[in-house]
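Given next are the chains, with one letter for each unit.
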Amino acid sequence: MADETTPVAVPPASTPAAAKPAAKAPEKAKVVAPAFRDYPTIPALQVDAMVESNPYVAAAAHNESVGFPGTLVDGWEQKAVAKMGELLGKYRSLKVYMDACVHCGACTDKCHYFIGTGDPKNMPVARQDLMRSVYRRYYTLPGKLFPKLVGARDMTRDVLDDWFRYYNQCSECRRCSVFCPYGIDTAEVTMAAKEIMHSVGLGHKYVNEIIGKVHKIGNNLGLPGPALENTLEGLEEDVLEDTGAAVKYPLDQHGAEVLLVTPSADFFAEPHVDSLIGYGKVFHAAGISWTLSSKASEAGNFGMFIGNYEQMQKIAMRVREAALELGVKRIVVGECGHAWRVAYAFWNTLTGIGAGANDPFAIQLQKQLDPNYKQPSHICEVTWDLIQAGRLKFNKEANDHRIVTFHDSCNVARGSRMGDYAGGQFDIPRNIIRAVANNYVEMSAGTTREKTFCCGGGGGLLTDELLDLRVKGALPRMEALNEIVQHNGVNFMATICAICKAQFTKVLPYYGFKMSMVGGVHQLVSTAIVLNNEQ
Amino acid sequence: MSLVFAILFYAATLILAGGVAYRIYDYARTPAPLKIPTTPAPTTSGGVAFRMFREVVFFESLFKSNLWIWALGWLFHVGLALVLLRHLRYFTEPVNFIIAFIQPFGMYAGFAMAAGLAGLWARRFLVERIRYISTPSDHLMLALLLGIAVTGLLMKFVMHTDIVAVKTFFLGLMVFEINPLPVHPGLYLHLGMVVLLMIVFPVSKLLHAPGVFFSPTRNQVDNPRETRHLAPWAAKFEAKN
Chain A
1143 MADETTPVAV
1153 PPASTPAAAK
1163 PAAKAPEKAK
1173 VVAPAFRDYP
1183 TIPALQVDAM
1193 VESNPYVAAA
1203 AHNESVGFPG
1213 TLVDGWEQKA
1223 VAKMGELLGK
1233 YRSLKVYMDA
1243 CVHCGACTDK
1253 CHYFIGTGDP
1263 KNMPVARQDL
1273 MRSVYRRYYT
1283 LPGKLFPKLV
1293 GARDMTRDVL
1303 DDWFRYYNQC
1313 SECRRCSVFC
1323 PYGIDTAEVT
1333 MAAKEIMHSV
1343 GLGHKYVNEI
1353 IGKVHKIGNN
1363 LGLPGPALEN
1373 TLEGLEEDVL
1383 EDTGAAVKYP
1393 LDQHGAEVLL
1403 VTPSADFFAE
1413 PHVDSLIGYG
1423 KVFHAAGISW
1433 TLSSKASEAG
1443 NFGMFIGNYE
1453 QMQKIAMRVR
1463 EAALELGVKR
1473 IVVGECGHAW
1483 RVAYAFWNTL
1493 TGIGAGANDP
1503 FAIQLQKQLD
1513 PNYKQPSHIC
1523 EVTWDLIQAG
1533 RLKFNKEAND
1543 HRIVTFHDSC
1553 NVARGSRMGD
1563 YAGGQFDIPR
1573 NIIRAVANNY
1583 VEMSAGTTRE
1593 KTFCCGGGGG
1603 LLTDELLDLR
1613 VKGALPRMEA
1623 LNEIVQHNGV
1633 NFMATICAIC
1643 KAQFTKVLPY
1653 YGFKMSMVGG
1663 VHQLVSTAIV
1673 LNNEQ
Chain B
130 MSLVFAILFY
140 AATLILAGGV
150 AYRIYDYART
160 PAPLKIPTTP
170 APTTSGGVAF
180 RMFREVVFFE
190 SLFKSNLWIW
200 ALGWLFHVGL
210 ALVLLRHLRY
220 FTEPVNFIIA
230 FIQPFGMYAG
240 FAMAAGLAGL
250 WARRFLVERI
260 RYISTPSDHL
270 MLALLLGIAV
280 TGLLMKFVMH
290 TDIVAVKTFF
300 LGLMVFEINP
310 LPVHPGLYLH
320 LGMVVLLMIV
330 FPVSKLLHAP
340 GVFFSPTRNQ
350 VDNPRETRHL
360 APWAAKFEAK
370 N
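Residue numbers (our numbering), protein chains in the order written: chain A, 1143 to 1677; chain B, 130 to 370.
Keep in mind that the hints are not guaranteed to be accurate.
[Stated by the list, open to error] The list that follows gives simulated cross-link-like pairs (lysine-lysine, BS3-like), each with its CA atoms no further than 25 Å apart:
1. B:K365 to A:K1456
2. B:K365 to A:K1225
3. B:K365 to A:K1232
If you are wondering where the hints come from, they were derived from the structure by calculation, not from laboratory data.
Since the model is a prediction, treat every value here as computed from it, not as a measurement.
Kindly generate the complete structure, drawing on both the sequences and the hints.
Put into structure tokens, the structure is as follows:
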């Protein structure tokens, strides 16, 4: 069965790299999807298999717009080592994780990029060791005295190049941290490495460009306020035409009860927009007034991907400011994986969106927000609460053409929660799907819930020059999907992450699937929901 | 030799205790600025204590991860724990009844410890992925531990030493008296390696022992929406805003 569906790699049609002048960034590598394995055996090592996978280096303007040096600074070696020292003093995670690893090997077969590429430096421990070797050299006694003995290395250009390559082959999905006996989270190490690289002027173009756009325009896609307004008006017309219901998609509406913050891909990308339509229908059906904000028209927070606390906070502050300006009572986050992690786990720390504060900065906002609701709430929590309260009605048969499965997005699964108990983040989206659709199938147990595999595009890697890596990294998820496609005829993989949706849309065809197989949970809600006007 | 070992043990004890105490202080004073428990995570501190207990006593995450490493690692650690407890009889008079009770188990725990270590070491040669990540120090650490276990077992079962004299030596050290240590090459080797282990402990991967208790992904309560968590260095950013 594997052979029939083995995809033929088609390089993207765009760039004939060889024809371009040599000054251009790295040549576009060939994109090859690995074959499905008959049994999920651990791949044999292929040293340097992904050594050619390099993201584009950020131009000086992009680095400087985010407050980093434009190009690699003089004396970067010492500065990088000093920055590492600073981070070791600021992050207990980094300090403990640099020391605690015993090289037991438990994590070695857990990373989707290792499974898809066989490159040993994509084993989590080896990825960590790229930094740990430097840590040992400069910050431990044995590393200073006997570097060879403990695998310590000087901070050299080769080491830096390896960092740039392989820390940009980590999607910060935290799967390895589930399996580590000390909870060592490679994402923390990757974030620290990225912060160090940025601090010496070696930035990643895609991520820094996006952070620049968020600050300048308000969202990752650079969609200005008027364009946003147009899009939303268009949505209202579409929904009215489709359903006969005058569902509103309001923008900057003062005094609305709910501020919805959602990834900007929801405004125009397919299939993302279908979930945005769904959120609007839910609020409409439940009679909850809500608004989007042009200032905070982006839930995503790429500050996390580069491990930079100040950037992450600056980006998050837009949401606080919008909430204060609009006077909303509740803040709700749309379908976005890392955004939900930032919102759920970090917003209270960064911006005071949450509860339980005793400082003036946070109390200002927490007094305004309605304490009867979790702040912030995930849109799935909102919808599930409404379903349980009997305030939404569904025509489940409308989804009968779909046989649905659910892909747990890594940041939601391992970096956040929904509802009142540990693991609610797994149950609530599934509960919603079962409430709105009749056909639901689970993927195999080792690939779901906290053991879920990243889509392969998270962590700031969702960029075309890394497509080969992204396709390979999707292998374990594609294998699990293929199993239930073959056995159960599954034709729809629901997920609650803008990056997952964009990544799968791009990657599914390489594995012989239709790109329209992926969609949002609220896309299913949207299909089945019965709107008041129709009754 | 008695004097040499006395000095070595005093020095090693100071280094071990001082070094580990410093590490613990260093971990404790370093803030964890963000809530990063690996979820699903306990929502109460009691739950966190229970999670940590399962992690430290049963190696829960390792069990989920890899049964071979778990079995060998757990065998070694439990063996080591029993052996260490058994060795308390060299430092106490009279011997606590619990220590006396585990004495027979402790004897065989030495074999479990050695078997676990041998298995873990074999993996470093036999499994390609583990071979790739192993450094010389990883091998030496296993050699050291295995050396301690084997010399200990040899003295217990093959070439006995005068353990009454050994006990007198250690009880003496505790009150700053130096009594004669039996002349025995196995004993010298055993004690020498123990001294070395004590010295490298605070500067090596053996720090995983205190480290695990400070791992934010395991020791944090999952309640970021309910309580505000702020590190001192991060609080400063709010003044600007």
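Outcome of the hint check:
For the proposed pair K365 of chain B and K1456 of chain A, the alpha carbon gap of about 14 Å is at most 25 Å, so the pair holds. For the proposed pair K365 of chain B and K1225 of chain A, the alpha carbon gap of about 19 Å is at most 25 Å, so the pair holds. Pair hint K365 of chain B plus K1232 of chain A holds up; C-alpha atoms about 13 Å apart against a cutoff of 25 Å.
Checked against the numbered hints above, the structure breaks none of them.
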